[in-house]
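J.: One line per chain: the protein sequences are A and B, in this order.
Note that this note's numbering has the first sequence beginning at 1, numbered continuously upward.
Note that this note's numbering has the second sequence beginning at 1001, numbered continuously upward.
Hints were generated in silico from the structure; no laboratory data involved.
It cannot be assumed that every hint is accurate.
Here are the simulated SDA-like pairs of lysine to any residue, each with C-alpha atoms no more than 25 Å apart in a straight line [to be verified]: (1) A:184 <-> B:1481; (2) B:1257 <-> A:353; (3) B:1279 <-> B:1290; (4) B:1193 <-> A:369; (5) A:368 <-> B:1254; (6) B:1193 <-> A:383; (7) B:1190 <-> A:382; (8) B:1447 <-> A:63; (9) B:1253 <-> A:359.
Partial chain A-side listing against chain B, Cβ under 8 Å, derived [to be verified]: (10) 119; (11) 126; (12) 132; (13) 136; (14) 137; (15) 366; (16) 371; (17) 384; (18) 385; (19) 387.
If you want the ones that stay clear, here's a sample from chain B, every Cβ over 12 Å from chain A, calculated [said to hold, decoys possible]: (20) 1080; (21) 1343; (22) 1491.
Even glycine gets a Cβ: it sits at the ideal position worked out from N, Cα and C.
The lines below spell out each chain.
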Amino acid sequence: MADQDKSKKRKPTLPPGVGAKKPTMPPGMGAKKPTMPPGAGGKKPTMPPGAQGDGASGLTRADFSSDQDVRWCPGCGDYAILATVQRLMPELGVPRENTVFISGIGCSSRFPYYMETYGMHSIHGRAPTIATGLKASRPELDVWIVTGDGDGLSIGGNHLIHIMRRNLNVQMILFNNQIYGLTKGQYSPTSEAGKVTKSTPFGSIDHPFNPSAVVLGADATFVARTMDRDPKHMKEMFTRSHAHRGTGFVEVYQNCNIFNDGAFFQFTEKDSRADRTVYVEHGKPLVYAGGSRGLRLEGFSLKSVDLESGSLSASDCLVYDETSRELATIISRMHWDPHMPQPFGVFYQEERPTYEDMLHAQVDDVLKRSGTGSLEDLLSGGDTWTVG
Amino acid sequence: MANKTLETLPEATILFAGDSGDGMQLTGSQFTLATAYAMNDLATLPDFPAEIRAPAGTTYGVSGFQLHFGSVDIRTPGDEVDLLVAMNPAALKVNLDRVRLGGTILVNSNAFDQRSLDLAHYDANPLEDTSLDKYRVIQVELTRLTRETLKESGLNQKEIDRSKNMFALGLALWLYSRPLEPAESWISRKFAKKPDILDANLELLRKGFYFGETTELFVTRYEVTPATLPPGRYRAIQGVHALAMGIVAAAKKSGLKVFYGSYPITPASDILHALSRFKNHGIMTVQAEDEIAAVGMAIGASFGGTLGVTGTSGPGVALKTEAMGLAHITELPLVVVNVQRGGPSTGLPTKTEQSDLMQAMYGRNGDAPLPIIAASTPGDCFEAAYEACRMAVKYMTPVILLSDGYLANGSEPWLIPSVDDLADFEVEFAAEPNAEEDGAPTYHPYKRNSGTLARPWARPGTAGLEHRVGGLEKADITGNVSYDPANHEHMTHVRAAKVARIQQEIPPTEVFGAEEGDVLIVGWGSTRGAIEAAVARLREDGQAVGSIHLRWVNPLPPDLSDIFTRYNAYLVPELNNGQLVRMLRAEFLLPFEPLNKIQGRPYGPSEIQQHVMGMING
Ligand SMILES: Cc1ncc(C[n+]2csc(CCOP(=O)(O)OP(=O)(O)O)c2C)c(N)n1
Ligand code: SF4
Ligand SMILES: [Mg+2]
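Bound conformation, chain A alone (with noise of 0.2 Å):
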């Protein structure tokens, strides 16, 4: 994974301040960035002329990177990840200061001590009201939240379908490796059905999860998908889910080489990839396995067909809309089927009102008509009398 980023093609970067798609935003308030794919960005202010010069911040991936020893097992999927955002951070032209990580309790969740930025490793499952407090509080801040499958599904998943459906415009990464990590190996909420883990020697009889599911149930605003082991895709999830206005969701499959290795290795390795995952891309075709395979919408499932034998072509299927609730829905409903290839990509994207501006517009608006309250008119208010 190291070399990931040799190509070094400098994603245009903006100064801090600018480009807030809220002009009215006070300044340093994580500038997002503009380039957003067709379809999605149709309300965004253009950038004035100038503004998408070079390396905007002049940090660098060190300059993110805290003094603390990473402490995961050697070869975790957890490096790929930190090291994807280490190296996104300087892109994306938010002021360190202004950038903070926010974690629950797990492998996943020791994070922010790795993050030279602001930072809080709080407590199991908690980190998106942790996170809501902040954001709420402070809306001009970069608010990340990290969690683990356990901790965002299983202890805290009432906060994880609460945060969606109030649209904090912060990040979310949920890594799943469908394992307890920390606890040393129990099966959590995304662990397959039968499986045998340390508190399941005959099997856990849970259903599990679905992820993208869950959130988008929740009315989360934005849902994606991606893998540690393509670091150019995950860069690209986390870019989009920063552009994002509102919680942008993405879960990431993430290898716990101790306790549940090579539990995605089917659609994260070489041999079996291509013929296993699609790529789902906004505007584009469904095709996979090279090409040679597409999905076709056949009443309310999506179907595979073969794109070789000539009868059908990367036309016949199925052109993906991340706007539509629906084919979002499809989509993240295929999963782990033997027959069909598992999905990742940006599933659904919608603009709704962010839960900070509308707390902040609803306070705008008691001091636009009552003004700046005072204390003693509130204390001496009701009926009063004097004495003496």
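For chain A, the structure is supplied; the task is to place chain B with the ligands on it using the hints.
T.: Chain B with the ligands in isolation, oriented as in the chain A frame:
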């Protein structure tokens, strides 16, 4: 006009009781308002069922509002009731034991039909047998008089019957010579958009008032002359509102924004209701998905340089426990309000209790002591909340603020504080690196203030101060994750020492009553009024009894040992099964005697007075 005698009373206790749907809380609070206008000192005890609309006529559906008022110092809602207004047989049945012998019972005689008597489990009509002989019973046909008054109002029968509390209110106001104006203007405001209801209520209120004047039922009318309260401007205040305003005052004085995260729970919800209206006072509120989220949000806000506050009752604190430990180890300011109610579990959700003290003291994993401040009267909730916020920021620590159902719902006249007189509340955020590492400036998040032991507060957004906090143990000064055994012991001590330093903020303990003598009563929280009223009576009887009241339960004031040496015996009255008493015994190894009441109701002074006399007489 009939010939009435006017009798002046030093004090009186009145209890309005009826069905949940009879409007007794409203009647009680309007009587309170009129009493405040009459410049009496007062204390109230609203008492309502957990069910929103329990079936009409049942004993468990009875809602009551007790008010004690006088020209003398009023410290409690009253030991015994002088006038019970009972709207139906169930209200009489439930509250009869609270009426003093010889006291007055005013009943709606129309409500004593067979069905209502059955519902209240009366075998015979108490108005017709001898069971009420020890009381003065006044039968008023409230339902009939109300219907007659409103027969031309255009309101339907249900609306008419629902208004009879206004007749009762008018009558009670007349009986105690209270002004009509406050209730009149309240009605005019409340029903401004429903003129027919407005007119009906006003007419009934006045009808009730003049009924007292003309009826032969009353020969005596009472008056209670104004109390000699310290001079100044007053308002009647409920504990919840005082508490909410204390938080607003903290925001104003400190210049901090406040973030209040909460999940609805009786009796704490009213704080959320109040604060969510104060958006133009620098208060943000969020109704979270649960109590864990509420405290998590508050902690997140505090990490961002906003003051995080979260309010709930005991069951909610149970859920917040783990997060409170996080705030303790990350050393972030946080105020956790617990408006205590009867427990355990759902317990008695609408009744008062002081049974969460142990939870506040010890209810966390690991050694995680937190400062605990307790409000002692409804008005005192203001100052207690202000102090809780101030100490949370000054010492960079979560602070637990204990209130309870009685304080939250009860009200008293409140000398409106002057904003200038509030204690200074200055906040200093870290602005630049505070250390050097390899010749380069760096920031050490756990480098402490030597006076308070507080760590600095660095807001995200401040360049050069990027740092990580979290639940894992941190090395002193640098704040790096540390598993070093000696460091963990050291940090545990430092965190405890920091909380203990709040002792330096506690003013000398004031003794109420005898400065030395036979018995010292030690109290905390809402029992203050009952304890001091008991001490005042005991002093009048010549007993050498004093009391102290703890505002800070943790840390305890530094001067207690000295005070304890001046008495022979110690009594600790609590509305629980003995919690402070255990703490005091453990701390001072003295024979503190418990006095416990666990009935969901506050103490009356006589209960404490009698117990002390028992101690003195052996
Ligand atoms: C309240 C609480 N319960 C249980 C734990 C123990 N615990 C720590 S991490 C974890 C599971 C983590 O799994 P996951 O979120 O998938 O993270 P991973 O380690 O796999 O990255 C558990 C159960 C805890 N720290 N706190
Ligand atoms: S246990 Fe698994 S998830 Fe945790 S650090 Fe090791 S390899 Fe990674
Ligand atoms: Mg996991």
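J.: For every hint, state whether the structure bears it out.
T.: Checked hints:
Taken as a hint, the residue 184 of chain A and residue 1481 of chain B pair is honoured in the structure, with Cα atoms around 21 Å apart against an allowance of 25 Å. This hinted pair checks out: residue 1257 of chain B and residue 353 of chain A have alpha carbons roughly 23 Å apart, not beyond 25 Å. Taken as a hint, the residue 1279 of chain B and residue 1290 of chain B pair is honoured in the structure, with Cα atoms around 22 Å apart against an allowance of 25 Å. For the hint linking residue 1193 of chain B to residue 369 of chain A, the alpha-carbon distance of about 22 Å falls within 25 Å, and the restraint holds.
Restraint check for residue 368 of chain A and residue 1254 of chain B: satisfied, since their Cα atoms lie roughly 23 Å apart, inside the 25 Å limit. Restraint check for residue 1193 of chain B and residue 383 of chain A: satisfied, since their Cα atoms lie roughly 22 Å apart, inside the 25 Å limit. As the CA atoms of residue 1190 of chain B and residue 382 of chain A are separated by approximately 14 Å, the hinted pair is consistent with the 25 Å bound. Annotation: proposed proximity of residue 1447 of chain B to residue 63 of chain A holds, straight-line Cα distance about 24 Å (limit 25 Å).
The hinted pair formed by residue 1253 of chain B and residue 359 of chain A meets the criterion: a straight-line CA distance of about 23 Å does not exceed 25 Å. A distance limit of 8 Å between C-beta atoms decides the matter here; for residue 119 of chain A the minimum to chain B is near 4 Å, and the interface restraint holds. Restraint check, residue 126 of chain A versus chain B: the minimum CB separation of about 5 Å is within 8 Å; hint holds. Interface restraint check: residue 132 of chain A against chain B, minimum CB-CB distance 5 Å, threshold 8 Å, status holds.
The interface hint given for residue 136 of chain A holds, since its Cβ lies 6 Å from the closest Cβ of chain B, which is under the 8 Å cut-off. The closest approach between the C-beta of residue 137 of chain A and any C-beta of chain B is roughly 4 Å, which is under the 8 Å cut-off, so the hint is satisfied. At about 4 Å, the closest approach between the beta carbon of residue 366 of chain A and any beta carbon in chain B falls short of 8 Å, and the interface hint on this residue holds. Annotation: interface hint on residue 371 of chain A holds; nearest CB of chain B at approximately 7 Å, less than 8 Å.
Of the supplied interface hints, the one on residue 384 of chain A holds, with its beta-carbon coming within about 5 Å of a beta-carbon of chain B, less than 8 Å. The beta carbon of residue 385 of chain A comes within 5 Å of a beta carbon in chain B, closer than 8 Å, and the hint placing it at the interface holds. Interface hint at residue 387 of chain A: satisfied, since its Cβ lies 5 Å from the closest Cβ of chain B, which is below the 8 Å cut-off. With a minimum CB-CB distance of about 28 Å to chain A, residue 1080 of chain B clears the 12 Å threshold, and the non-interface call stands.
Distance check on residue 1343 of chain B: its Cβ is at least 24 Å (rounded) from any Cβ of chain A, clearing the 12 Å threshold; non-interface status holds. Every CB of chain A is more than 12 Å from the CB of residue 1491 of chain B (nearest about 16 Å), matching its label as outside the interface.
Checked against the numbered hints given earlier, the structure satisfies every one of them.
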